[in-house]
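Protein chains: 2
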Amino acid sequence: MWLGKEEMGLSNLDESIEQSSLKSNTYTISDLAKEYDITPRAIRFYEDQGLLRPVREGRQRVFSEGDNVRLRLILRGKRLGFSLAEAKEIIELYDMDSGDERQLVYFLEKIEQQRLNLQRQQQDIKAILQELKRVEKRVKRELQEIRHK
Amino acid sequence: MWLGKEEMGLSNLDESIEQSSLKSNTYTISDLAKEYDITPRAIRFYEDQGLLRPVREGRQRVFSEGDNVRLRLILRGKRLGFSLAEAKEIIELYDMDSGDERQLVYFLEKIEQQRLNLQRQQQDIKAILQELKRVEKRVKRELQEIRHK
DNA sequence: AGTATAGTTGACGTTTACGTAAACGTCATG
DNA sequence: CATGACGTTTACGTAAACGTCAACTATACT
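Sequences listed follow chains R and E, in order.
If you use my numbering, the first sequence corresponds to residues 1 to 149, in order.
If you use my numbering, the second sequence corresponds to residues 1001 to 1149, in order.
None of these hints come from the bench; they were simulated from the model.
Treat the numbers as computed from the prediction; the structure is a model and nothing was measured.
A portion of the hints provided could be inaccurate.
What the hints assert, rightly or not - Some chain E residues judged to face chain R by a derived CB distance under 7 Å, without partners named: (1) Asp1031; (2) Gln1114; (3) Asp1124.
As the list claims (entries may be wrong) - Straight-line distance between alpha carbons at most 25 Å, and here's what the computed DSS-like set of lysine-lysine pairs gives: (4) R:Lys110 to R:Lys34; (5) R:Lys126 to E:Lys1088; (6) R:Lys78 to R:Lys34; (7) E:Lys1137 to E:Lys1078; (8) R:Lys110 to R:Lys88; (9) R:Lys78 to E:Lys1133; (10) E:Lys1110 to R:Lys88; (11) E:Lys1110 to R:Lys140; (12) E:Lys1140 to R:Lys126; (13) E:Lys1126 to E:Lys1137; (14) E:Lys1140 to R:Lys133; (15) E:Lys1133 to R:Lys88; (16) E:Lys1140 to R:Lys88; (17) E:Lys1078 to E:Lys1034; (18) R:Lys140 to R:Lys126; (19) R:Lys78 to R:Lys88; (20) E:Lys1078 to E:Lys1088; (21) E:Lys1133 to R:Lys110; (22) E:Lys1126 to R:Lys78; (23) E:Lys1110 to R:Lys137; (24) E:Lys1088 to E:Lys1110; (25) R:Lys78 to E:Lys1078; (26) E:Lys1110 to E:Lys1034; (27) E:Lys1137 to R:Lys110; (28) R:Lys137 to E:Lys1088; (29) R:Lys137 to R:Lys126; (30) R:Lys126 to E:Lys1126; (31) R:Lys78 to R:Lys126.
Beta carbons are placed, not taken as given, at the ideal position from N, Cα and C, and that holds for glycine.
All chains should be built: construct the whole structure from the sequences, respecting the hints.
If you want it as structure tokens, here you go:
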């Protein structure tokens, strides 16, 4: 069954109603595409790769709030240079289902690894920011000299 | 002319001498490859893309200390998910030659842009680290429950 | 002289992350 | 009812960043 405009009424009004309606929020593919400024194609690709698991209503994808969160994680990861496979690793931590003890310990190890990776990234950022500072000083000095004449 | 082993003498000894010999340090392609654990092919590719400018001694590449620094910048950038083109932007800031006022102002703008990008990355990292913390708590709680029984 | 060791230049292959086009289904509106 | 807006699958195309030969060259070792 379609979530057509008939059921939605005046879209603007209803959007706010939907947003505030508890948590059972659902999204169409273009909802998410617009929200994060990516193409539907990308979203379908993420599903192909097992990063999103929208429910089907007929053939159409219906995305849950969980999918929304996962997508946000994916895009954060991408901005940090993660591959989709790496983003998947984090997502799988995010929505793992509590397994046995071995599983849980394994998860803790994974988490620690991720933490270390991210901390190295923080160091890299700090290093580059310092480089930028140095360059900035140089540039400003040269500007002063030029303007002083 | 080759910097063969004849001129280098006992390599171990000479390495330390070279390292401390002021600043006119030079590197072969495999020196750098080993130092940063990448392949010569990658280094040649970076040169192709205009990120490195080794001098030629005959046909062989001779890398300067500046090239070393640039390479370090490239790899930091890569770890942060920068494309080579983006890394190049930063490198060009790093070794720009003081131009006219317009140029300098332009550089300052570039620097500010880079700073903003890096700050967004810092936010992304913070967000993911918090996610990891939450997941970690969950996992530890579940572990407690299992072990409590 | 012969072999080993580094280095060189093509040139084609590969992976990742989508873009793009074709061909089609479904509603709801004029 | 046909037209548009939005959705679908299938399949081929592409840019980036190297990997992987191949074929060659220059020095060094025995």
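Here is how each hint holds up against the structure:
Interface restraint check: E:Asp1031 against chain R, minimum CB-CB distance 22 Å, threshold 7 Å, status violated. A cut of 7 Å between beta carbons decides the hint on E:Gln1114: the least distance to chain R is about 6 Å, and the hint holds. Given hint, E:Asp1124 at the interface with chain R, holds; its Cβ is 5 Å from that chain's nearest Cβ, closer than 7 Å. Restraint check for R:Lys110 and R:Lys34: the C-alpha separation of about 32 Å exceeds 25 Å, so the hint is violated.
Distance restraint check for R:Lys126 and E:Lys1088: the Cα-Cα separation of roughly 18 Å lies within the 25 Å cut-off, and the hinted pair is therefore satisfied. Between R:Lys78 and R:Lys34 the CA atoms are separated by roughly 17 Å; this keeps the pair inside 25 Å, and the hint holds. Of the pairs offered as hints, the one joining E:Lys1137 and E:Lys1078 is violated, with about 31 Å between alpha carbons and a cut-off of 25 Å exceeded. In summary, the hint linking R:Lys110 to R:Lys88 is supported, as the alpha carbons are separated by about 12 Å, within the 25 Å threshold.
Restraint check: the Cα-Cα separation between R:Lys78 and E:Lys1133 comes to about 20 Å, which is no more than 25 Å; the hinted pair holds. Of the pairs offered as hints, the one joining E:Lys1110 and R:Lys88 is violated, with about 33 Å between alpha carbons and a cut-off of 25 Å exceeded. Between E:Lys1110 and R:Lys140 the alpha-carbon distance is near 13 Å, which keeps this suggested pair within the 25 Å criterion. Straight-line distance between C-alpha atoms of E:Lys1140 and R:Lys126 comes to about 31 Å, which puts the hinted pair past the 25 Å bound.
The suggested pairing of E:Lys1126 with E:Lys1137 holds, with an alpha-carbon distance near 17 Å, which does not exceed 25 Å. Distance hint between E:Lys1140 and R:Lys133 is unfulfilled; the C-alpha atoms sit about 41 Å from each other, more than 25 Å. This hinted pair checks out: E:Lys1133 and R:Lys88 have alpha carbons roughly 17 Å apart, not beyond 25 Å. As the CA atoms of E:Lys1140 and R:Lys88 are separated by approximately 21 Å, the hinted pair is consistent with the 25 Å bound.
Only pairs whose Cα atoms come within 25 Å are accepted, and E:Lys1078 paired with E:Lys1034 is accepted, the gap being roughly 17 Å. A distance of roughly 21 Å separates the Cα atoms of R:Lys140 and R:Lys126; the hinted pair therefore holds under the 25 Å criterion. Proximity of R:Lys78 to R:Lys88 is assessed by CA-CA distance (about 11 Å); at most 25 Å being required, the pair is judged to hold. In summary, the hint linking E:Lys1078 to E:Lys1088 is supported, as the alpha carbons are separated by about 11 Å, within the 25 Å threshold.
The suggested pairing of E:Lys1133 with R:Lys110 holds, with an alpha-carbon distance near 12 Å, which does not exceed 25 Å. The straight-line distance between the Cα atoms of E:Lys1126 and R:Lys78 is roughly 15 Å, inside the 25 Å bound, and the hint therefore holds. The hinted pair formed by E:Lys1110 and R:Lys137 meets the criterion: a straight-line CA distance of about 14 Å does not exceed 25 Å. A hinted pair counts as satisfied when its Cα atoms are at most 25 Å apart, and E:Lys1088 with E:Lys1110 qualifies at roughly 12 Å.
For the hint linking R:Lys78 to E:Lys1078, the alpha-carbon distance of about 13 Å falls within 25 Å, and the restraint holds. A hinted pair counts as satisfied when its Cα atoms are at most 25 Å apart, and E:Lys1110 with E:Lys1034 does not qualify at roughly 32 Å. Distance restraint check for E:Lys1137 and R:Lys110: the Cα-Cα separation of roughly 14 Å lies within the 25 Å cut-off, and the hinted pair is therefore satisfied. Under the criterion of a C-alpha separation no larger than 25 Å, the hint pairing R:Lys137 with E:Lys1088 is consistent with the structure, at around 20 Å.
In summary, the hint linking R:Lys137 to R:Lys126 is supported, as the alpha carbons are separated by about 17 Å, within the 25 Å threshold. The suggested pairing of R:Lys126 with E:Lys1126 holds, with an alpha-carbon distance near 14 Å, which does not exceed 25 Å. Taking the CA atoms of R:Lys78 and R:Lys126, the gap is about 19 Å. The hint holds against a cut of 25 Å.
Comparing the model with each numbered hint stated earlier shows that hints 1, 4, 7, 10, 12, 14 and 26 do not hold.
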